[in-house]
Amino acid sequence: MRVKLQHLAHTRSGDKGDTSNIMVIAYAPEFYPLLKAQLTAERFKAFYAGAVKGPVERYAVDGIGALNFVAQGALGGGVSRSLCLDNYGKALSAAVLGFEIEVPESLQGKLRGMGQTTGSTT
Amino acid sequence: MSEKTIRIGSGAAWWGDRVEPAILNAEKGDLDYLCFETMAEATVSAAQVRARRDPSFPGYDTYLDDRIKGVLPGCLKRGTKIVTNQGWINPNAAAERIVYWLRHFGANGVKVAAVNGSLITERVLELTDRILENGAPTRTLAPTLISAEAYLGAEPIVEALKAGAQIVVTGRVADPSLFLAPMMHEFGWDALDHRHLGAGNGIGHLLECGAQVTGGYFSDPGFKDVPEPWNLAFPIAEVSPDGSCILSKVAGTGGAINLMTVKEQCLYEVHDPANYITPDVVVDFTTIRLEDLGADRVRVSNISGKPRTPTLKVSIGCTEGFIGEDMFFYAGPGALRRAQLAKKILEERFKIVKLKAEELRIDFLGVNAIHGEMSPKHGPEPYEVAVRVAARTRTKEEAIKVGREVDGMAVSGVAHTGKRVPHQDRFREIIGVWSALVPRDKVQPSINYFES
Chain A
45 MRVKLQHLAH TRSGDKGDTS NIMVIAYAPE FYPLLKAQLT AERFKAFYAG AVKGPVERYA
105 VDGIGALNFV AQGALGGGVS RSLCLDNYGK ALSAAVLGFE IEVPESLQGK LRGMGQTTGS
165 TT
Chain B
-2 MSEKTIRIGS GAAWWGDRVE PAILNAEKGD LDYLCFETMA EATVSAAQVR ARRDPSFPGY
58 DTYLDDRIKG VLPGCLKRGT KIVTNQGWIN PNAAAERIVY WLRHFGANGV KVAAVNGSLI
118 TERVLELTDR ILENGAPTRT LAPTLISAEA YLGAEPIVEA LKAGAQIVVT GRVADPSLFL
178 APMMHEFGWD ALDHRHLGAG NGIGHLLECG AQVTGGYFSD PGFKDVPEPW NLAFPIAEVS
238 PDGSCILSKV AGTGGAINLM TVKEQCLYEV HDPANYITPD VVVDFTTIRL EDLGADRVRV
298 SNISGKPRTP TLKVSIGCTE GFIGEDMFFY AGPGALRRAQ LAKKILEERF KIVKLKAEEL
358 RIDFLGVNAI HGEMSPKHGP EPYEVAVRVA ARTRTKEEAI KVGREVDGMA VSGVAHTGKR
418 VPHQDRFREI IGVWSALVPR DKVQPSINYF ES
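Chains as they are written, first to last, in this note's numbering: chain A, 45 to 166; chain B, -2 to 449.
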């Protein structure tokens, strides 16, 4: 089954100049190999096409089940000169929550937040 | 080796951070040290610009009074030492102001140290070679240079603590070094002991963004919930002489410290996790071991270090023109089609007024203003949408045109246009920040001592 990454991993972004680092951290150790195999630097860059203008490098930290994507040209030329409302790219790490990952049925029970879909104004 | 541990707490993660959790840490954290990080990349340059225009601006953290006044009673009672980079471009004036507050609370004979020497504006073009971001010679920045500062490490803070300072206030110091310094001082770690410094600096990295490790910038309903996210605490590390620690927070506060919050903060603003370069040491986070002890306590161990580099990073702030920006609103059926027409009208009017922009962006907030071109092209129609206009210009006069043309949308625009009352802050000056490297021995910190 294909599910959104948000059910397998949590993410956060940090800024340095025009570079955003977006980390993807597995909720459970079983999910980490799936993320590592399917969310390559190339696919990450393709997914962020339009938002990330430069090269993307991926660092794996196996010990904590985390992938760190370092995306250049992601902050509109740099935090201070960016015309984006979100100068620091703090919300950039949310986009990859929608990246689709193929998950074996056997791990379905471990997926997080499957009942949670949208917010409500009430 | 002594088995004593020291308790180091966070008092701020940035200039605009909340003050209440710092006071809570001072009063209930049972802290040996309370450390404040209050600077962003452009803080020094922004302060220089302000100081030029406003001679009454003392050059230190504009919230220094709130913070120091708030935490001093608790810190004086417990004997908690304070390390803070609130000195910005004038650590001496910050120290004098802290002395004022010490006397206000009746604390006499308290030694306050001001660490200077990070500002190298006059020498930066001769001391540095290339801009790290684009490889161009740093001398190309000469016409627009505002300010340059080297990132100092922990050593001058350690020296001040050794000399008996109860409070150390600095200019630019690398963020984690503010937290590392007390460990070096208390445990006698040598400045070249990269094994311990790597571990300690890694802990500093986990603490320097404050609530980001205690449940801030974290909660996501249904996925990552934390109790009482309105009641977040700033973190406390109980550090052992071997460079391991237990992260915790004051009991009774909201938020959480767990493996997820610590992992997220571990890699925050890190590029290569095996080579996180700081003035004191190169940190290797890939060896980190985390153990959830329950009840918002996580044990952190085995962060590694490699020898420090021969250079220090320099931040160079430059004037880069202005940004003009404003927004207006649509709602109800057809909100997006009216926003699209409004965009077209503005594009044409900017031609009429001959707007000279380096870059112009007209976004639909609620549709594509945050993630830009990667936003879904055919998403569901939003019930509300804001048209957000921004232009980067060489001059203030050009930047002002953005707000003036948005004003025009009030009576000369589209049906059902919602507008804010025109206000004054629709343009701002850009301070671009570039980086370079300077040989370590060319930057000599100096320390001035004050006493209440």
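These are computed hints drawn from the structure, not numbers from a lab. Fair warning: there could be bad hints in the mix.
[As the list claims (entries may be wrong)] Which residues of chain A face chain B? A partial, calculated answer using Cβ under 7 Å: (1) HIS54; (2) PRO99; (3) TYR103.
Every residue gets a Cβ at the ideal spot worked out from N, C-alpha and C, and that includes glycine.
Hinted contact PRO99(A) with chain B - closest CB pair below 7 Å: violated (12 Å)
Would you settle whether the hint for TYR103(A) is holds or violated, based on the nearest Cβ-Cβ distance to chain B being less than 7 Å? holds (5 Å)
Quick check on the hint: HIS54(A) CB to chain B CB, less than 7 Å? holds (6 Å)
Violated hint: 2 only; the structure is consistent with all others.
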